[in-house]
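All you need for the working numbering is the position in the sequence shown, starting with 1, plus 152.
The hints are simulated quantities; they were obtained by calculation from the structure and are not laboratory data. Errors might be hidden in some of the hints.
[As the list claims (entries may be wrong)] Straight-line alpha carbon distances no greater than 30 Å define the calculated DSSO-like cross-link-like pairs of lysine-lysine that follow:
hint	residue 1	residue 2
1	LYS311	LYS301
2	LYS201	LYS301
3	LYS264	LYS313
4	LYS264	LYS201
5	LYS190	LYS301
6	LYS264	LYS305
7	LYS305	LYS201
8	LYS264	LYS311
9	LYS313	LYS301
10	LYS301	LYS264
11	LYS311	LYS190
12	LYS190	LYS201
13	LYS190	LYS264
[Unchecked claim] Quick list of simulated restraints, FRET-style, between CB atoms:
hint	residue 1	residue 2	range
14	ASP324	ASP297	28 to 34 Å
15	ARG291	LYS313	16 to 22 Å
16	PRO250	LYS201	23 to 29 Å
17	THR260	THR161	22 to 28 Å
18	VAL287	ASP193	17 to 23 Å
19	LEU187	THR161	22 to 28 Å
In this text, a Cβ means the ideal position worked out from N, Cα and C, and glycines have one as well.
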Amino acid sequence: MSEFFDRLTPELTEFIGAQPVFFVATAAPEGRINLSPKGMDTFRVLDEKRVAYLDLTGSGNETAAHLLRDGRITIMFCSFDNNAEIARIYGRGVVIRPDHARWPELATNFPKLPGVRQIMEIRVESAMTSCGYGVPRMREMTGRDTLEKYWLKRGEEQKQKHWQTHNLRSIDGLPTGIAETATPGSETSSRNRR
Numbered sequence: 153m154s155e156f157f158d159r160l161t162p163e164l165t166e167f168i169g170a171q172p173v174f175f176v177a178t179a180a181p182e183g184r185i186n187l188s189p190k191g192m193d194t195f196r197v198l199d200e201k202r203v204a205y206l207d208l209t210g211s212g213n214e215t216a217a218h219l220l221r222d223g224r225i226t227i228m229f230c231s232f233d234n235n236a237e238i239a240r241i242y243g244r245g246v247v248i249r250p251d252h253a254r255w256p257e258l259a260t261n262f263p264k265l266p267g268v269r270q271i272m273e274i275r276v277e278s279a280m281t282s283c284g285y286g287v288p289r290m291r292e293m294t295g296r297d298t299l300e301k302y303w304l305k306r307g308e309e310q311k312q313k314h315w316q317t318h319n320l321r322s323i324d325g326l327p328t329g330i331a332e333t334a335t336p337g338s339e340t341s342s343r344n345r346r
């Protein structure tokens, strides 16, 4: 049976910490709904009413655009082992970038990874557990180091160029706010909508 909470209990926090992958869903009032899988030890429960995750540079920047426009976010964790459980966090998120005054405080919670773009900080409005009877068991889940190697090889300058080309706008054309962080004077292209 489903159970709702107004904060993260110690049991929920323990379950969340044991999951190697999580899923993030956001939407603006109009346009597409975004759903992204995440991993790489990038999620943290800060306290019973706040969570955060370290966001690495990727092909798009939908979550940032949606949080700037609307703020709503749902995060889902599901167990792929014998514990058939799902947990969801419903809240409001903000984007914290390296030039933000709170960056040093939040960044200490995460490993130092190449390709870091921003931290998504979420105020927990509610949480819910439900059964995961329809979720398959998986024997082994191992992390990938592909993204880490990719940004180690390319470095900071290439990351900034990538932001200008692919991360300035959502696929629906909404600004992501990263333009203020990216290196001034970098050229943009028609592909910056991704």
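Can you let me know if the beta-carbon spacing of VAL287 and ASP193 is within 17 to 23 Å? Holds: the Cβ-Cβ distance is about 21 Å, inside 17 to 23 Å.
field: Distance restraint between LYS264 and LYS201, which requires alpha-carbon spacing of 30 Å or less
entry: holds, 25 Å
Is 23 to 29 Å respected by the C-beta to C-beta distance linking PRO250 and LYS201? Since the Cβ atoms of PRO250 and LYS201 sit about 25 Å apart, the hinted range of 23 to 29 Å holds.
**Q.** THR260 versus THR161 beta-carbon gap, inside 22 to 28 Å or not
**A.** With Cβ atoms ~25 Å apart, the hint holds.
Query raised in the report: Regarding the pair LYS264 and LYS311, is the alpha-carbon distance no greater than 30 Å?
Result: holds, 15 Å
>> Does LYS190 sit within 30 Å of LYS311, going by the straight-line distance between their CA atoms?
In response: Cα-Cα ~19 Å, so holds.
**Prompt:** Holds or violated: LYS190 with LYS201, Cα cutoff 30 Å?
**Reply:** holds, 21 Å
Given the hint that LYS190 pairs with LYS264, test it: the Cα-Cα distance must not exceed 30 Å.
-> holds, 16 Å
- [ ] Quickly compare the C-alpha distance for LYS311 and LYS301 to 30 Å and report which way the hint goes.
- [x] holds, 13 Å
Pairwise hint evaluation, LYS201 against LYS305, where the allowed Cα distance is 30 Å at most: violated, 37 Å
Does the beta carbon distance between ASP324 and ASP297 stay inside 28 to 34 Å, or does it fall outside?
The hinted range 28 to 34 Å holds for ASP324 and ASP297, with Cβ atoms some 32 Å apart.
Please test the hint of 16 to 22 Å on the beta carbon pair from ARG291 and LYS313. Because 40 Å falls outside the window, the suggested range is violated.
Hint violations for this structure: numbers 2, 7 and 15, all remaining hints satisfied.
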